[in-house]
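Top line first, the protein sequences correspond to chains B and F.
Sequential numbering from 1 applies to the first sequence in our numbering.
Sequential numbering from 1 applies to the second sequence in our numbering.
By construction, these hints were calculated from the structure, which means they are not laboratory data.
Misleading hints may appear alongside valid ones.
Claimed, not checked - Between beta-carbon pairs, the in silico distance windows are:
{"#": "1", "chain 1": "B", "residue 1": "ILE26", "chain 2": "F", "residue 2": "LEU20", "range": "54 to 60 Å"}
{"#": "2", "chain 1": "F", "residue 1": "SER136", "chain 2": "B", "residue 2": "ILE26", "range": "26 to 32 Å"}
{"#": "3", "chain 1": "B", "residue 1": "LEU102", "chain 2": "F", "residue 2": "LEU99", "range": "55 to 61 Å"}
{"#": "4", "chain 1": "F", "residue 1": "PRO43", "chain 2": "B", "residue 2": "PRO88", "range": "23 to 29 Å"}
{"#": "5", "chain 1": "F", "residue 1": "LEU14", "chain 2": "B", "residue 2": "LEU105", "range": "33 to 39 Å"}
{"#": "6", "chain 1": "F", "residue 1": "HIS262", "chain 2": "B", "residue 2": "LEU102", "range": "41 to 47 Å"}
Being a predicted model, the structure only gives us computed values, none of them experimental.
Ideal placement from N, C-alpha and C gives every residue a C-beta, glycine not left out.
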Amino acid sequence: MHSPLPFLLLPLSVTGLALSLATGGILQPDWSLALLLASLLARRGTWMWVLPALLLHDLALYWTPWGVFPLACLLPGILMRLDEEIGPGLPQRFAMLFFASLPMLVHGAGFMQWVLTLMLCIPIWHLLARIYDRQFA
Amino acid sequence: MPRRWLGIRPWIWLAALLLLLFLLQQTPLGKQAGPRINLFFAPLVSALQAPAFWWQDLSQWFVERSHLQREVIDLRQRVQQQSHIAQERFALRAENAQLRGLLELKGLPGYDWHVVQVLGRSPDKMSQRLMLKAQSQINIDDAVASSEGLVGLVDSISGHLAVVRTILDASLAVPVTLPGTGLAALVRGQGERLQVEFVPMEGAPPAGSVLVTSGAGGMFPPGIPVARILHIRSVAGSVFADVEAVPAAHWRREAWLSVASHQHP
């Protein structure tokens, strides 16, 4: 790993997962999912640690691997292809964010919880993208 | 390697991964992965909740004396009411034993009830899974109930920590009846609602009726409220009605629940 960020983001994601389990009765974003999707969108190369963490997220919260994980597996490949075809840009990333987070709704999360997760994910994504840009500039 | 193979290689990897996941989920280990991971997270969940408990304990110091006095009077009244109910229950139990003796029926198997603390909930809208912390020994497949009704079944255990599958989970089916009738139906989870199966259209209970556990199968103690009927619809070509219900218990805010363990001889 070239960046020290995963060593910070992974424990944060695990803490987010525990926070979701600890305060399950309250309307709140999916902390862990927002952080992991933001990491993946900020830099495609993070898939090596983001995808196993997403599998853990799905198993812990939904008790099945068929949650966000299978769609997130497609995300780096599709983004790479789209970046080659139409050039790197935000629209395809936003579309992928909506696409990958949709299984939340299938697994019992309410619409507001989904919206809160997206609202948390977008600023984290932009913050991480800026940090990665500085690191790799 | 031919160039055309390079294009489909990621898809082959993806298909292999999805196949691996599918096979993993079919194994007993894969089926228990979710509850096991939940139990693994329990110490961290407990640590995250600790500040809230500390705050709760600390805030007790700032409660006004008059408020505490009112609370004590209220609790004393409730204790009086409860003791009347307990006396009535003992009298009814004795009467029930006599009547059973007259009918030469065997008594229903006994249960030990334990109070357990709710440690965590799954973050879905209806909290389909719960994490419990028990002071006494509980077992897999013990029934879990709140003061309002049946909550679910203990799925897995690690020490004094347990994961509960609630009745909203599709894998659970609870035999139910309507008190005073011969109805024998099954309540099955559907994520956010409950489906009541095998309710004949003729003689179907009206909307608003509360179905209770029948005790059939011996898994759940009899007489615990399970579901309140919402809608009853007839299905063309079927003798059974399509019945939708909601759980009688509201476990999303409960801090304490009861676990019914089978009494072992």
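Now for the hints, and whether the structure bears them out:
1. Take ILE26(B) and LEU20(F): their Cβ atoms lie about 35 Å apart, and the range 54 to 60 Å is violated.
2. For the hinted restraint 26 to 32 Å between SER136(F) and ILE26(B), the CB-CB distance of approximately 29 Å keeps it satisfied.
3. For LEU102(B) and LEU99(F), the hinted distance range of 55 to 61 Å is satisfied, since their beta carbons lie about 57 Å from each other.
4. Between PRO43(F) and PRO88(B) the beta carbons are some 42 Å apart, a value that contradicts the proposed interval 23 to 29 Å.
5. Separation of LEU14(F) from LEU105(B) is about 23 Å and departs from the stated range, judged on CB atoms against 33 to 39 Å.
6. Take HIS262(F) and LEU102(B): their Cβ atoms lie about 42 Å apart, and the range 41 to 47 Å holds.
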